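Protein chains in written order, with full-length UniProt numbering: chain A, 1 to 389; chain B, 1 to 389; chain C, 1 to 389; chain D, 1 to 389.
Keep in mind the hints are simulated off the structure, nothing from the lab. In this text, all values refer to a predicted model and were calculated from it rather than measured experimentally. Ideal Cβ positions, reconstructed from N, Cα and C, are used throughout, including at glycine. Treat the hints loosely; a few may be bogus.
What the hints assert, rightly or not - Below, in silico cross-link-like pairs of lysine-lysine (DSS-like), each with a Cα-Cα straight-line distance of 30 Å or less: (1) K278/C with K381/B; (2) K381/C with K8/D; (3) K238/D with K118/D; (4) K381/A with K238/D; (5) K381/B with K356/C.
As the list claims (entries may be wrong) - Some residues of chain B that are not near chain C, with every Cβ distance over 10 Å (derived): (6) P31; (7) Q33; (8) I47; (9) P134; (10) Q241; (11) E372.
Protein chains: 4
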Amino acid sequence: MDLSISPKAEELRERTQKFIREQIIPLERDPRQDKHGPSEELRKELIALARQAGLLTPHASIEMGGLGLSHIEKAIVFEEAGYSCLGPTAMNIHAPDEGNIHLLEAVATEEQKERWLKPLVSGRTRSCFAMTEPTPGAGSDPSMLLTTAVRDGDDYVVNGTKWFITGAEGADFVIIMARLEDGSATMFLVDMNTPGLELVRKMDAMDNCFTGGHAVLQFTDLRVPAKQILGEPGQGFKYAQIRLAPARLTHCMRWLGQARRAQDIAIAYAQQRQAFGKQLGEHEGVGFMLADNDMDLQTARLHIWHTAWLLDQGVRGNFESSRAKVVCSEAEWRVVDRCVQILGGQGVTGETELMKIFQDMRGFRIYDGPSEVHRWSMARKILGSKENK
Amino acid sequence: MDLSISPKAEELRERTQKFIREQIIPLERDPRQDKHGPSEELRKELIALARQAGLLTPHASIEMGGLGLSHIEKAIVFEEAGYSCLGPTAMNIHAPDEGNIHLLEAVATEEQKERWLKPLVSGRTRSCFAMTEPTPGAGSDPSMLLTTAVRDGDDYVVNGTKWFITGAEGADFVIIMARLEDGSATMFLVDMNTPGLELVRKMDAMDNCFTGGHAVLQFTDLRVPAKQILGEPGQGFKYAQIRLAPARLTHCMRWLGQARRAQDIAIAYAQQRQAFGKQLGEHEGVGFMLADNDMDLQTARLHIWHTAWLLDQGVRGNFESSRAKVVCSEAEWRVVDRCVQILGGQGVTGETELMKIFQDMRGFRIYDGPSEVHRWSMARKILGSKENK
Amino acid sequence: MDLSISPKAEELRERTQKFIREQIIPLERDPRQDKHGPSEELRKELIALARQAGLLTPHASIEMGGLGLSHIEKAIVFEEAGYSCLGPTAMNIHAPDEGNIHLLEAVATEEQKERWLKPLVSGRTRSCFAMTEPTPGAGSDPSMLLTTAVRDGDDYVVNGTKWFITGAEGADFVIIMARLEDGSATMFLVDMNTPGLELVRKMDAMDNCFTGGHAVLQFTDLRVPAKQILGEPGQGFKYAQIRLAPARLTHCMRWLGQARRAQDIAIAYAQQRQAFGKQLGEHEGVGFMLADNDMDLQTARLHIWHTAWLLDQGVRGNFESSRAKVVCSEAEWRVVDRCVQILGGQGVTGETELMKIFQDMRGFRIYDGPSEVHRWSMARKILGSKENK
Amino acid sequence: MDLSISPKAEELRERTQKFIREQIIPLERDPRQDKHGPSEELRKELIALARQAGLLTPHASIEMGGLGLSHIEKAIVFEEAGYSCLGPTAMNIHAPDEGNIHLLEAVATEEQKERWLKPLVSGRTRSCFAMTEPTPGAGSDPSMLLTTAVRDGDDYVVNGTKWFITGAEGADFVIIMARLEDGSATMFLVDMNTPGLELVRKMDAMDNCFTGGHAVLQFTDLRVPAKQILGEPGQGFKYAQIRLAPARLTHCMRWLGQARRAQDIAIAYAQQRQAFGKQLGEHEGVGFMLADNDMDLQTARLHIWHTAWLLDQGVRGNFESSRAKVVCSEAEWRVVDRCVQILGGQGVTGETELMKIFQDMRGFRIYDGPSEVHRWSMARKILGSKENK
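In isolation and in its complexed conformation, chain A is listed as follows (with noise of 0.2 Å):
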């Protein structure tokens, strides 16, 4: 057992957080912003930055232009990355670019990379990907999937509606996920001003981190050429899976650098305000908060590093991968409370970066599986196991 950083993630590590603190965090206040996100212009700047700083879409494999992270690497230098906001969408390691560049080394063919792929791996490029649904149809149950793909000749023909689709503005494509006539899900590459898909609207959610904000897609009569499918046709919930559990964890990691800001936060305001004749950390009531999330966060940190150390070992992880999202979406999520308690009045005002954070955190419980399906999948593994550990 080595729990040591290696040399080689250690150097991302500090590089990722001297860029963060020196270049990106001083653009936290720019005007450019709204409550989606970093306007196109300034997401450019942002790339260009991570570009110039070697730490561009540094997940990718080294042939496609990224630094080839194993998934270790990546909760090092992810969680570097979570500490600002806007440190994901400037090392275009966000939600959901970052799984579907996963998925797309994965299984999508040479030509799909070379469309699709590539230029997202560059940051020229946004995409999004559309499996949930609107009631009734596929929420945290993928099976009630209610998006269909009739073939038609050489296309296939999509109909049907989607339901808080992540960065879908501003994206060049989608990944669409549709039930086939046979029943079995496909997914589809999709550029997003194909006629027939429509953006209906944009989503008024509670979190600002998600470039481009969520929005619900429409499908009518969307034609889609059969060489657009992913990969295999049949294959959606196959793929899904493997976009799923790194994917899981990823977020795990970058929210991990948000609790990490929020508890700075909280730290450097409760050694600065005077309250009943001390400092504010002084009060156990304060104290015992900080070290709580001190508890918390090392909590979270070591689940994902332990689940990522089983993915580097080609273990698949669909357990460890649901208890590591439901142990630190909760842990995380307290951190962030707590944070928010300690500040009193400036916690729930803009004054400080930390009430974004908590706006955006409280969807990282219910994103990629609530904890409760999560727990709920997790009992079925512990009870359906003849012999238990």
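Dock chains B, C and D against the given chain A, drawing on the hints supplied.
Chains B, C and D only, in chain A's frame:
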């Protein structure tokens, strides 16, 4: 012991419930609102509706034009009013006007009542209450008050900065807490358009239901005639206490209505949404949350009723109102947080009123004393009492 | 609304408090006790003391020899009785006798009352209630009842095993729940010395306050005359409900007294112990626990009062008594657990009464339906109601 | 980074697991035990079994007769040993002997090692550690030490009272912490049969797994030769630290085994018990608890591994071992408490090992510093660090 609701209160309860459901909820999506509540035009319309329904400013005395509600009657009526975010504004029982009306009735001179209280009760004007200050001034610890009022002839000259002043924008007058040269605290009634009083900036707060939002006020050689001292000089902290215990409790009441609204939204969603082969609510993971919510709502209600009843008996009730404030703010927060979890993605978007309630509710654990300050104050009393219960 | 305690109840409260403090607490370390409560000799002495104080079996009707207390009066008196682990035994209001007395008053024939109820009310006899069975029989789910009663002439022949039967050792009679041939459930009154009834073994339970402890009973061709059917045949589940709602609530009351005792022990310790340069209680980490305890105690009390008042109004109160049971058992448990933490090493030894209270209290979250079963039942009602509150 | 278990550790893990399951668990109900653990006869048998299995005192150095385990190897092996309450006694790794062996190896003179350490490593003797004192002496705050050692010729004369001394009954020697005339703290090695040393009484503690239980020791003019000072005079607090960090962590390890045992008992029960129409574990209310347990167990394990690895790197690890101690004790307690809830009535009786585990585990949140003391100490470090992570 009798926990029944009196016929008078029950009639008011039903009337308020009907008023909120039929007249106020339909206006919740009225476009004449921004992050800081309804526009003045919309507010006036809401006030007119409440007046017509005989529900305007019900907590003011009958001679001032209210309904002269007892604390327990307020408990019943304000919960119903809080069921819509717009309800308290319509009925003129929102913070800080509600507490200011109470305070002015208790300590203002007749002349002051005529000039400031009457228009406030009628809904023609709005007011704010300027006590909290930015670091290093008075926050949770009022003894750190830095704003000064120096006698100069028949006037006082006020200097200082106030922070997180709810409802300041659009208010007609403000009650300012300042320190005299002898160190004592005093309250002043000041029209907002007085020279030397500047609204420096609006704060970007997470909550949405406080008409006028929150602002920073700056007093620069603000000259206030001595007769505008509210009540007696040097009584600032005493008056703050007079205002505080009931004001804390009315927060609990209004927010209980909001939390109940959240629960009703969650129940409706759990009844209608399907997942993993059955109604969402039939999953114990969801049903248990609804049950826990019911417990928390009833816990909050019972603490409110008990404390309101005590206040009606003429008991000062500082300990009990502290306790009720912590119990209610924490319980109602848990309710709203669970509802968000039940709604999943919908819970973190503006698709329902829930997200707004969630964002509003967070501050409640902080406003009027964070839970930690109340626990600390309770502990001192528990430990100081010679004979324990 | 009126939350005052009536003069009658207040007089009883004070009398009970004085009785417990002066006459019962001094006997808490009397050596005539083992893990399963006081010896019969000591029990008789306790009963005599309560009779002398006019506090024996106060919940029984006046004609049966009790004080005819209403539910709300029970709430006041039983909390005081529970302040000592021996209090309920002394006042003859401990489980299961207290519930059995209630049930027999409600449904027994005159002859049955004469034979079984009267001696029970007078404290001369003890009883037990045999419903729960070992796996795969009836536990939390009463529909799984396996014990059978087969008609044979004027008798029924009962076979089965009952498990966790509180107070069985030393009891004079038992109420047995069994299934008739038609599938319906029926209760039988059976003297413990009847042939065919065997107390197989005592169970090694964590709690210490149930006189007689808990035991396993075996019925082997146990012959019971038909006239010993309690009330009507086939009404077993209905009678169980009649017994249950009030029995649940009296558990809440007695255990509230225990939790309050724990808090008083913790307060005394926090006042006297020094650590790290100050009184233990002045550490916020300790003071906050005392404040949280106070909140939880008052929450439990208010739910008890509210539900008791409802029952006094003739409301069946199944939902509310489920809710009160969960709220109280969880809140009182938190109190006791925090008190253990405050006492540190002393909290996990028999140096004070606290350890015993801790060991007793854990079962409360399980007895009369685990919290999970009540949440489930509440959820069904919440979701099933067409119109939500 | 490499989280794999080395082949050496894996072989030891499997051997220990097999040893515990096949040889120790069958002895768990051996009658030669009382509330304070196994009789000396049974203990000797257990020791012999471990010696035979090559698993005796594995943490001692090879020259002393142990296996010279690293901290991380201890983490692996001790978790397995803790799976049975008797395991640590059998393998001679129970508290306080385990920590005393560590301390003596680190600081004792050769002569002292020969006389006291060697027989201890071989399992022939037992020892205890006398630091904590009754009020107003040293409890969580060691600076309150009241026991004195006054130089008199070649001897020291020790007076004082020690409290909660684990394993004192039946121990062969004790390490006494006392205060010299210059105020410094010093440790003494004293045979239990030395005149002036009296075991005043056994304490009635909730836990059952500490061989010898806990006792009160009285020193009345206890004369100790100066050469029986452990290591150097005046180094008492320093030595306590040397002993403490690893001792804390081995508690976490052993108790993790106990918590895992509890989880396995709960899983087996949830698989076999039916309720409300399905397997108990299929109820989400139960399944979610099993999932939460799995998370907490893994969280504890990862913190143990991380801290053990740090100690193996030569890091002092006070902050991390404090953190691990709080995280593990709280997490493992939650596991055990949930398991009790799953088992229902069975959980609060001696029908399974669970009740014993529950009663043992409660003390873990208190022993070696209550969670509150560790939080306080962590907070000071978090706030004091100039540069936060």
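Status of the hints after comparison with the structure:
For the hint linking K278/C to K381/B, the alpha-carbon distance of about 17 Å falls within 30 Å, and the restraint holds. Distance hint between K381/C and K8/D is unfulfilled; the C-alpha atoms sit about 57 Å from each other, more than 30 Å. Among the hinted pairs, K238/D with K118/D is consistent with the structure: their alpha-carbon atoms are about 23 Å apart, no more than 30 Å. A distance of roughly 47 Å separates the Cα atoms of K381/A and K238/D; the hinted pair therefore is violated under the 30 Å criterion.
Between K381/B and K356/C, the direct Cα distance comes to roughly 28 Å. Compliance with the 30 Å bound is thereby established for this hinted pair. With a closest Cβ-Cβ approach of about 29 Å to chain C, P31/B is found to remain outside the 10 Å limit, as its non-interface label requires. Q33/B, annotated as away from the interface, keeps every beta carbon of chain C farther than 10 Å; the closest lies near 27 Å. Every beta carbon of chain C lies more than 10 Å from that of I47/B, the smallest distance being close to 28 Å; the non-interface claim holds.
With 10 Å as the threshold on Cβ separation, the claim that P134/B sits away from chain C holds: the shortest Cβ distance comes to roughly 25 Å. Residue placement check: Q241/B keeps its beta carbon more than 10 Å from all beta carbons of chain C (closest about 19 Å). Remark: the non-interface label on E372/B conflicts with the geometry, its nearest Cβ contact in chain C lying 7 Å away (cut-off 10 Å).
In summary, the numbered hints that this structure violates are 2, 4, 11.
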